[in-house]
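Asker: As they're listed, the protein sequences go chains A and B.
Under this note's numbering, the first residue of the first sequence carries the number 168, and numbering increases by one thereafter.
Under this note's numbering, the first residue of the second sequence carries the number 630, and numbering increases by one thereafter.
The hints are simulated quantities; they were obtained by calculation from the structure and are not laboratory data.
Model, not experiment: these values are computed from the prediction.
Be careful, since some hints might not be right.
Said to hold, decoys possible - List time: in silico DMTMM-like cross-link candidates among lysine to aspartate or glutamate, alpha-carbon distance up to 20 Å: (1) A:186 / A:401; (2) A:238 / A:211; (3) A:313 / B:858; (4) A:313 / B:898; (5) B:799 / A:206; (6) A:238 / A:204; (7) A:238 / A:196; (8) A:238 / A:191; (9) A:238 / A:206.
Okay, here's what each chain looks like letter by letter:
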Amino acid sequence: MAEAALKVQGTDVATPLLKVSNLEGWYGESHVLHGIDFEVRPGEVVTLLGRNGAGKTTTMKALMGILTKRKGSVVFDGHETIGLPARAIAKLGMGYVPEERGIFSSLSVEENLMLPPRVKPGGLSLDQIFELFPNIKERLSSQGTKLSGGEQQMLAIGRILRTGANLLLLDEPTEGLAPVIVQQIGATIARLKAEGFTIVLVEQNFHFASSVADRHYVVEQGKVIDTIQNAELEANIDKLHAYLGV
Amino acid sequence: MFELLGITPQALFGQLLLGLINGSFYAMLSLGLAIIFGLLNIINFTHGAQYMLGAFVTWALLHYFGLSYWWALPLAPLIVGASGIVIEKLFISRLYHLDHLYGLLLTFGLALIIQGVLRNNFGISGLPYSIPPQLSGGQNLGFMFLPNYRAWIILVSVIVCFGTWFVIEKTRLGAYLRAATENPTLTGAFGLNVPLMITLTYGFGVALAALAGVLAAPIYSLNPNMGAELIIVVFAVVVIGGMGSILGAIVTGFGLGLVEGLTRVFYPEGSAVVIFVIMAIVLLIKPAGLFGRTA
Ligand SMILES: Nc1ncnc2c1ncn2[C@@H]1O[C@H](COP(=O)(O)OP(=O)(O)OP(=O)(O)O)[C@@H](O)[C@H]1O
Ligand SMILES: [Mg+2]
């Protein structure tokens, strides 16, 4: 009994939900990722920090299978996904919010929201999504791209919460948004974490990142060059400034 | 007023009806082209040959299997559409990563092959196919005589075109297609099977062409060149309407059929070129087409 419980605990907590090892990636002939390593355990929020052009977005695309020319290993929920097409990876429960948000202009807000199919049980209901993002509910019949930037970001996050995906890849969800919206998105991420979602977050703004994350990975020139626990962030602030060039 | 211009109402409405019939074919064919272009980004030059195949399969079903027009109506689009799916899987799907020009060359070559093979086997003199007995005869509307089969063509075309528009613009399935048209990568990253959608869309566009072929079999000369002649006008219609716009393809198709009919009444010499003249004007003023999306 005790052993079984320990084992369950072992798989749930110690085993990473996502383990990325020596991930390399190319755009055509251009070699952009040179060996990314990091891992995320169930329920954790980790960030990828790094300067512009460091390879954060490319890492997300490689995880999601959108960047097709890639090698190394990405084990997600026990499955090696490096050879899988994006749609198969999505079905394993990975949900993607791209940097440019990816709201479809030929779809209404409602159609955008309903577009990603359910991949697993346990997704949020529409009511729960509207509770998180009340703005969306009032704009359901608008054209997707007629929403404000902040609303589009909420829609981009909301639509993957419906699917039951348990690992969320959020690429700069606060980019270009007003402070009050940034706060709202921060609260949403905290709430999602509390509900057990596992999140990989790309952020330039590490003040924001530090308010939600367990751990930070510093990306530079297509490599993870350092790992900083959130608790040790204060102690490492000078180092981090140097990394990020701020 | 009509008498003043030396035109009888019979002649006017007769030509308008003829225009509407032609418009029905333009609409169905340019709709198929627009759907295929939207999702596959290729101009399907095989479209005319596939329309012709629809008519030939209709004839063959009767000639070899004794299956009537009413069987051909669903079967010919299914058969030709299935052949389109095979073509997409075997050939077109290999070209998506190359320049659009390759898709154009491939589909153009396929059209030549299909037409050539049928010319070899059947000649160009035309095969006989008669109007189904249920649709022969017509109605005297007072101001004109309306043949039943012509009314049937318009009815089918309107239903099919607006049915297709409805599915694409108003349903969940249509939302998937629109999403895949706009951003196939992200649509795939949500778990949707974009390659399958592309294949089925090509099959559907081809089936639309074949359905037009079935409708044409009893009234147009059924020969291997019938598609090649029509498709040139249809391409002009597509250029005028704008590539990739569903409603644009439908409205422009019917509209230009009517314009052509009117021209035949008032300036018969111009009727063969009026669509190309309009195309030239539209290209000068609005190069993306009347309903085209500008990037
Ligand atoms: N589509 C592409 N084709 C070729 N090179 C690309 C492409 N997209 C990005 N790159 C290059 O890959 C490198 C990593 O880009 P990436 O977008 O991953 O950076 P990032 O860390 O997300 O930066 P940012 O903070 O500006 O979003 C950069 O040098 C960039 O120029
Ligand atoms: Mg980026």
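Asker: Can you name, in rising order, the numbers of the hints this structure does not satisfy?
Answerer: 1, 2, 3, 4 and 5
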